[in-house]
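Starting from the given sequences, assemble the full structure and let the hints guide the process.
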Amino acid sequence: MNRSKWRNLKRELWSSKLGVAAVILLILFTLGAVFAFLAPNDPNVMNVAERLQSPNGSHWFGTDDYGRDYFARAMYGGRVSLMVGFASMILATGIGTCIGVLSGYFGGRLDNLLMRLLEIFLSIPSFLVLLLLSVYLKPSVGNIIVIIAFLMWMNIARVVRAETMTLKEREYVLYAKASGQGAWGIIWKHIVPNLVPVIIVGATNNVASAIMMESSLSFLGFGVQPPNATWGSMLNNAQGFIAQAPYLAIFPGVLILLTVLSFNVLGDILRVGLEPRLTKR
Amino acid sequence: MRQLIVKRLAQTIPMLFFVSIVCFAMIKLAPGDPVMSFVTPNMHAEDIERIRHSLGLDQPAYVQYVQWLKQLLSGNLGYSLINHQPVLDQIIDRLPATAGLMACAIGLAVILAIPLGLVAGANRNRWSDKLINLVTYIGISVPLFWLAILLIYLFAIKLHWLPSMGMRTIGVNSAADVLKHGILPCFVLAFGFLAVYVRYIRSSTIGQLREEYVLIQKAFGSSRYTILFRHVLKHVLLPIITLLGMSMGDLVTGAIVTETVFTWPGIGSLGMTAVRGMDYPVLMGITLFSSVLLILGNLLADIAYSFADPRIKTMR
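Which chain is which? The protein sequence lines are A and B, in order.
Per our numbering, numbering of the first sequence is gapless, rising by one per residue and ending at 281.
Per our numbering, numbering of the second sequence is gapless, rising by one per residue and ending at 1316.
Calculated directly from the structure, the hints in this document are not laboratory data.
A hint or two may mislead.
What the hints assert, rightly or not - Selected chain B positions facing chain A (in silico; Cβ < 8 Å):
{"no.": "1", "residue": "F1018"}
{"no.": "2", "residue": "I1140"}
{"no.": "3", "residue": "I1157"}
{"no.": "4", "residue": "G1249"}
{"no.": "5", "residue": "V1252"}
{"no.": "6", "residue": "I1295"}
No residue lacks a Cβ here, since even glycine has one placed at the ideal position from N, Cα and C.
In structure tokens:
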């Protein structure tokens, strides 16, 4: 990635109020997730005497039906949601990049095979599969990360393949080939570094969809299991108390919305900043 | 044209084959021995083996697969483990509720998305575009189940305007009642589709406004809105065809969460019941059904698109 691209990106980011807000929010949420242990209360300690309290001075987000501090639960919930989001993104990006580069660089039969595989993955309704696999396998955090990643690598593979196909026709790659450099050397030295912009854009959007998938799954009760909180499972629980304690539904929902929104906004800004030629504006 | 259709049809065959293998594996890998549901405590081991043989379960997996596929093609998707009803009947039974809800949601989304997308695209980077942009960002980022909960709180619990769950009031059997129950789930689903549609229409409007015919119309003195709603609209409708085809794949899965929140008696909530009860044949049936819809939807979208825009043919 060269300097002009960075400059471009910085300009795009600072010129967009939404973008600045997204970056600030994401930094805040990440800090909240990392330092969740600093929360004033334990997220899993029950206190029936204090159940269903509205937000107040000692419980900023109130308490849930077991009297647990909702602010602490939201912080720990964010930790799980963000971790699932980032980990699935890294795994999916890795798989997608490998398949995309192989397919795009070597072409021919391998390309054909991998692209058919990709189409097959696209032809299976992903949320249904997510639900099924979490029933067949045990719904642990690790399993959920792997399953989500396996349902998400296709978009990255597609853009990486397309980009690799144009990169390999560039003159410097042809020179490298002519000077006798091997295929793997060319891929590592000349192709992959130039793929970074498309990968970053795809990865950012993937975090958003992974977080959304995890919360839907947890909302339905098939994600991370109690007593551990995630934003999705908190909403599942809140549904039963909506009439008495609507704030239980409001906080986790706003947190999911803001996180996913920030990643989506950031993804678009990165796209404009890093790949101006792909974006018609 | 015919060549393209044949080629696309040929491409769907391996996909359908793969989907069928996945579905077969779902049944085979399901925990528990299916023979056990026929066994009573006082049966001998030979009896059990005889049942196993009569069910064909002692055959190698590929023979079982062929048998299963034959059954499938004759419309037998097996029986539910819970209520022992044929799976296909249950799906057909629930289909109208889901299809009706989805048709309303997609229809509403398209009707709203066309003017919003055109206005946003034509007023790029002005306040109306920014406002519409923010709404679409929220649309793609909001968890629909959360939106559903909030709407239930507002319209059912606080205002008592609309019912919060189900499709009918018990004892009432009128279309108006079903419509009233459908408003909230339909709106929630439409909001999700709307955001995606608006973004597509906006970006293709921006592309279209650079075309020469727009310049020519301007030179002839056509007003901005004539150009937009008469000429650009025609070209912008194209990508919508593709979007509609792709939405077919969401018919079942897109409705799972929303139907669950509203206890709407469609295929989505049938699926959730099956997941909770580990009803593998029903799960298999729903997976098969929604995969086939997804594949057919994409196929139809491609074919419709190539009819609408013959240039596509040469591009493939």
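Taking the hints in turn, this is what the structure says about them:
Annotation: interface hint on F1018/B holds; nearest CB of chain A at approximately 5 Å, less than 8 Å. Annotation: I1140/B was flagged as interfacial toward chain A, and the flag holds, the nearest CB pair being 6 Å apart, inside 8 Å. Here the hint on I1157/B is kept, as its CB sits about 5 Å from the closest CB of chain A, short of 8 Å. Given the 8 Å rule on beta carbons, the hint for G1249/B holds: about 6 Å separates it from the nearest Cβ of chain A.
For V1252/B, the shortest C-beta to C-beta distance to chain A is roughly 7 Å, which falls under 8 Å, so the interface hint holds. Taking 8 Å as the C-beta contact cut-off toward chain A, the hint placing I1295/B at the interface holds, the least distance being around 5 Å.
When the structure is compared with the earlier hints, no violation turns up for any of them.
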